[in-house]
Amino acid sequence: MYRYSEFDKDFVNHRVRQFRQQVERRIDGSLTEDEFKPLRLMNGLYLQLHAYMLRVAIPYGTLSSRQMRQLAWIADRWDKGYGHFTTRQNIQYNWPKLRDVPDILDALADVEMHAIQTSGNCVRNITADHFAGAAADEILDPRPTAELLRQWSTDHPEFAYLPRKFKIAITGSPADRAVTKAHDIGLRLLRNEVGEIGYEVVVGGGLGRTPMIGKVIREFLPEQDLLPYVESILQVYNALGRRDNKYKARVKITVHEHGIDTIRNLVEERFKVQRKQFGGADQQMLCEIKAAFTEPNYINASTEAFNLTLSSDLTFRAFVETNLHPHKNPDYSIVTISLKAHGETPGDATSQQMRVVANLAEQFGHDELRVSHEQNLILPHVHKKDIPEVYFALRKVGLATANVGLVSDIIACPGMDYCSLATARSIPIAQQIATRMDELKLEHDIGPLKIKISGCINACGHHHVGHIGILGLDRAGVENYQITIGGDGTETARLGDRAGPGLSVDELIPALERVVDTYLQIRKDKSETFLETYLRIGMEPFKEALYPEGNRPTRRRHAAL
Amino acid sequence: MSRPFTPKILTANHLLEGDVIYLTSRGEWTQDLREAWLIEDEMEANTALENAQLHQDKLVEPYLADAVADAGKRPAPSHFREAFRARGPSNYRHGKQEHY
Amino acid sequence: MTTIVNDNGFSLDDWGPEILDWSSVDTSAIDPGVAIDVPNTLESEDLASILDQVALIRIPFPTHVDGRGFTLARRLRLLGYKGRLRAFGHILADQYAKARRCGFDEVEIHDELAKRQPESQWSLGDDWRRLDYQERLRHQWC
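Chains as they are written, first to last, in this note's numbering: chain A, 1 to 561; chain B, 1 to 100; chain C, 1 to 142.
Since the hints were made in silico from the structure, they are not lab data.
Hints may be right or wrong, so weigh each one.
Here are the computed lysine-lysine pairs in the DSS-like style, where the Cα-Cα straight-line distance is at most 27 Å [to be verified]: (1) C:K115 - B:K58; (2) B:K96 - A:K97; (3) C:K82 - A:K272.
Could you build the full structure based on these sequences and the hints that come with them?
Spelled out as structure tokens, the structure:
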């Protein structure tokens, strides 16, 4: 894992001191709320519905056990004993007090963590494949690039006041687990025909009010050109991006309005100049960063214990079927820890659970942890012989739910239970769906089915790329939920299709149950997933399931969103 | 913009604590919606808002929210967002649920 | 009234001559030593041909969250502008380091802001150079 240099440490400590002063200057009136707001946001501090919320970055989703323990300690010391893992590899604390926040940031700095640029109209926390460095299908580890981009984007003087937020995600595998095509910039590490390392660069993806799949702006960008090229994209965006309407301010709209070819030409033009700004120090830094991301010292041992438990314990078998992923070392597995126990809040972990996970990472996982955009935790390197023990330890604290990738492994934004932007609640919907699906005992039969719920059009819950997407809206003072079907956030990314009019809370769960039943009836066989069935047959049967004859909500014309 | 005026409460978040607060008829701030001043006069509502906007040192983003009088003539939210703000999140009893 | 902020602290504006509005500037017949107010939406290339004759360029910051001026300043420096570069408007003490790093020499703020955010709140002198990731990543490697 990358460890902070003296420079990184000084920077983060300095930043905390600066924020402590900014808080005091807000209180003494030197800064108005309008002036303070972008400064606090750039330090991860929101003011939500009931309280402040601090969003802490987990850069490229990588954590050590020591860091996880500190997150637990912070939850107990300054919050309500839990944390919420988000869809962008962050953790959120929902109840901090303004004057405590600098102390929390100090506690984070003590373990080489921070909340810098987790909000604000700047380059946000760089996210990466949560199986980075471990997945069997990986071509190159994306984390060194992500760390280089973290350093480059941190406090970048030109890009702290962009038209809107700017999100970058990176993957090093052909299977896209980082939703790169729904980011402002998506990077895919690859090798060209002569074996050189480079990136496919995608720009202008994003969800929100106007969802777009990103477009390829460069098919192969040599590794050493990354920073000047990304900087050129940001320059073009900062100058050209719209500032008259915040709903049209993201780079996806800039790309859409000007066309990808115009944007490409402008970027290439700037790139000629920007390239001369980088004299090789960035590549030297990348070399040093790469050296920090070494493979673990793999254990050589028999996997007998794993096979024994697998044949003797049915619940363990279910866990293995859903929560394990192939590791590049065949004696190892990647273990996903579901934060989606049926009926619980997606993405939440108590401080006790965090400590158990930290201990397991230390004892059985080469001291590494990951956080996924799907709001789960991951032990990336576990020798198969240790998996039974890990499983039984997780089970004791409610963390062994065998549902990863299944219908109850739901992404949900905080929604109107916490978020001041939300138009409806998400969490209770996720809780009800998961509880119902668990009662039906069908989810292992249903197989891969990703439900994603957002509590407003900003789409933090990625509903557009859910196999089933749910969007909570306020329709004339009542919570109302719109369904999309057929979204896909992977390398075959596509936006879901809107099924029809929205449903009330009471109509929603039975309607979803009918959709799932319909799939079970019409799929070719068990190997055809929900998404494949939808792509083969289309909306019609699902529409009928959602709005059965005689039970169709009256169609109303909605005001344009 | 000639919609008839409907009763309002004046609400904001506390600068230091972050929590939801309401203006009372005595000009103080309370955390309990039921102690809030149900403002039935448009002029009074606007004056109260302008006053609150001058008190940036104590509160953040004051605004007027629709409210109605409940059976006991105390203010109650007329929209679910304000109901959640008054009560707290629905997944944990971390808000003010014990009051309701 | 306005206050000038540079590395030496607060001062009054020492620039005497008129600052021309960009819309009134004829780039084919320009007086050397001229000062120009440019909009933050300007294409930097429009200025390229006259940069060596301009003595002062002032770029507006209509609000503290409009960062176009940062990119324009950097572009002008990359195009070779050596004259005085001034940021004008709503720039916070907290943004001074960014302004300097993008190539501004100084910042011009209204007195109301100068009063609310006195000299002691600005990271003047050499302070703005400290702890700069960009500087680390950009220099020549030998």
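Outcome of the hint check:
no., hint, in the structure
1, C:K115 - B:K58, "holds, 21 Å"
2, B:K96 - A:K97, "holds, 17 Å"
3, C:K82 - A:K272, "holds, 21 Å"
Checked against the numbered hints given earlier, the structure satisfies every one of them.
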